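Let the hints inform the model, and build the full structure from the sequences given.
Line order of the protein sequences matches chains A and B. So the first sequence is numbered by the numbering used here: it starts at 1 and just counts up by one. So the second sequence is numbered by the numbering used here: it starts at 1 and just counts up by one.
I should point out that these hints are in silico values taken from the structure, not numbers from a laboratory. Mixed in with the good hints, there may be bad ones.
Listed below are several chain A residues computed to face chain B (Cβ distance under 8 Å; list not exhaustive) [stated by the list, open to error]:
(1) Leu-291
(2) Gly-292
(3) His-307
(4) Val-312
(5) Arg-339
(6) Ala-349
(7) Asp-351
(8) Thr-356
(9) Leu-397
Given the structure is predicted, the values throughout are model-derived calculations rather than measurements. Yeah, the Cβ is synthetic: ideal placement off N, Cα and C, and Gly gets one too.
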Amino acid sequence: MSRHWTIAEASGALAKGEVSPVELVDGCLQRIEALDGTLHSYVLALPEAARAAARQAEQALRRGERKGPLHGIPIALKDIYETAGIRTTGHSRIRLDHVPAADATTTRKLAEAGTILLGKLATHEFAMGGPSFDLPFPPARNPWNPACFTGGSSSGSGAAVAAGLALGTLGSDTGGSIRQPSAFCGLAGIKPSYGRVSRAGVFPLSFTLDHCGPMAWTARDCALLLQAIAGADPADPAAVDRPVPDYVAALGGDLRGMRIGVVRGFYEADPMLHPEVRSAFDASLKTLGDLGAAVEEVRLSPLEDYHAACTVILLAEAFAIHEETLKSRWRDYGAYFRRRVMPGALISASDYVQATRLRRRLALEMDAALAEHAVLAFPTSLIPPPPIEEVPGLAFLERASLTTPANVSGHPALSVCCGFTAAGLPIGLQLIGRRFDEATLLKVGDAYERATPWRERRPQL
Amino acid sequence: MTTSYEPQSRASFAALAARAFPDLPPEELAELERAWNHVARWVARLPRDLPMAAEPAHIFKAPERAP
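Take a look at the structure:
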């Protein structure tokens with residue numbers, strides 16, 4: 001089996017001619033061939049198109065026409081990102097034959113940066129209903145233990161990077177769908193600020209909560225991908241016209257002088273908190289302190305307030321998007337999707353408005369906490385990845401999730417791997433940053449990764 | 001957080017569900033009710049006593065530009 005590459009390593013080796021785009025793509029395709037029969041991370045692999053693109057990228061490099069640090073890097077996209085001429089299903093029977101005419105803005109930007117598309121990745125149905133066994137494609141499996149849940153909804157994105165079936169992917173995050181699979185699959189994944197990355201051409205779940213962002217092995221790799229996709233877009237009214245900083249240049253150094261706020265009230269008293277998550281998270285705080293940060297406690301409103309606002313807004317907006325098909329073709333949806341989204345039909349207009357009023361209060365509260373602290377920290381998930389059969393069908397409807405606050409507030413949030421359970425399952429550290437300050441978030445994540453051994457461990461497949 | 005909101009009764013659930021999904025078979029209706037009972041807890045948590053000046057969150061702000 002070919003070696004595992006990070007994007008940064010592959011980029012450096014490509015620039016020096018030590019590896020070719022064709023070799024990188026072939027390595028990923030061999031791993032897909034060998035492993036994806038078990039992992040089901042791809043709903044559509046594109047071996048011929050990827051090899052052809054790799055040959056072109058190689059020829060361009062020989063001519064001295066390198067497009068940048070992502071030139072020749074094999075990537076894959078969650079199957080809600082539109083890809084011109086390539087089927088984009090949302091992992092659903094509803095759009096099984098949908099072939100978009102145009103690329104999503106982010107799809108196009110990654111292609112312009114020189115990446116090579118390996119294929120389309122499994123997702124929970126329309127980024128919401130999974131892990132389901134009644135859809136046209138099976139659910140993705142966790143490379144650290146295929147009996148376990150990948151997290152979702154960017155399930156294939158998490159599994160593919162962890163297993164080396166792509167060097168980087170894009171996921172989407174409405175209530176944690178980048179960060180939870182990043183934590184459960186042992187990756188770095190960043191939900192950027194609302195408005196930092198265009199959502200145009202990405203099938204929506206909730207207009208005001210949806211975020212697009214990268215998932216990769218390291219925070220540095222996320223920085224490289226985010227650099228390529230960030231920025232204003234006339235096709236997305238929410239994408240903000242602000243300068244995009246150099247995320248990679250911001251990496252390096254330690255965390256001296258930085259204040260990090262720990263939101264213990266979100267998790268500490270929760271009986272669901274797994275002891276190995278607690279000890280890994282506590283150890284990660286010690287590491288951040290050793291790197292020079294001042295780690296202090298921060299109090300926010302109860303997690304349940306954030307979750308209430310998120311759930312009501314998400315369900316109302318998701319139902320508005322799917323109303324016609326949920327009424328006319330409900331049998332064509334998987335059971336998990338329809339059971340989670342149909343209650344959106346019963347939310348009143350007043351409920352929705354009250355949720356958005358609460359949302360504003362919570363967002364301002366988080367702004368105030370981040371005025372004092374560069375970053376807030378808490379676990380990405382209370383538990384390590386559970387067996388896939390034990391994932392509750394109603395999921396986030398049943399209990400509050402640690403990932404919803406940053407969707408409600410719109411702040412950027414990063415998950416990085418902060419250790420493993422005794423059973424070898426990954427654990428995630430979640431960091432929330434100031435609006436449009438992804439650079440600091442990535443700097444903290446990168447410093448933490450360099451100070452710990454977790455990036456040296458890969459799934460044994 | 002205080003609230004004066006009362007979750008919907010079973011009768012009002014049935015009326016709303018019948019209007020939204022008139023053709024849903026009983027077993028699916030039961031699943032919808034089970035899911036709604038969870039959602040209703042989150043709805044009930046929303047404050048209903050915010051001051052009049054408490055505006056909703058807006059998403060279509062004027063683009064912020066660097067100086």
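Structure-based check of each hint:
Taking 8 Å as the C-beta cut-off, the interface hint given for A/Leu-291 is violated, the closest approach to chain B being about 30 Å. Using the Cβ-Cβ criterion of 8 Å, the hint placing A/Gly-292 at the interface with chain B is not satisfied: the shortest such distance is roughly 29 Å. Taken as an interface hint, A/His-307 checks out: its beta carbon lies about 7 Å from the nearest beta carbon of chain B, inside 8 Å. The closest approach between the C-beta of A/Val-312 and any C-beta of chain B is roughly 6 Å, which is under the 8 Å cut-off, so the hint is satisfied.
Given the 8 Å rule on beta carbons, the hint for A/Arg-339 holds: about 5 Å separates it from the nearest Cβ of chain B. A least Cβ separation of about 12 Å between A/Ala-349 and chain B goes past the 8 Å threshold, and the interface hint is therefore violated. Against a cut-off of 8 Å between C-beta atoms, the interface hint on A/Asp-351 holds, since the closest Cβ of chain B lies about 5 Å away. With 8 Å as the threshold, the beta carbon of A/Thr-356 comes within range of chain B, its nearest partner Cβ sitting at about 4 Å, so the hint holds.
Taking 8 Å as the C-beta contact cut-off toward chain B, the hint placing A/Leu-397 at the interface holds, the least distance being around 4 Å.
Consistency with the previously given hints fails for numbers 1, 2, 6, ordered from lowest to highest.
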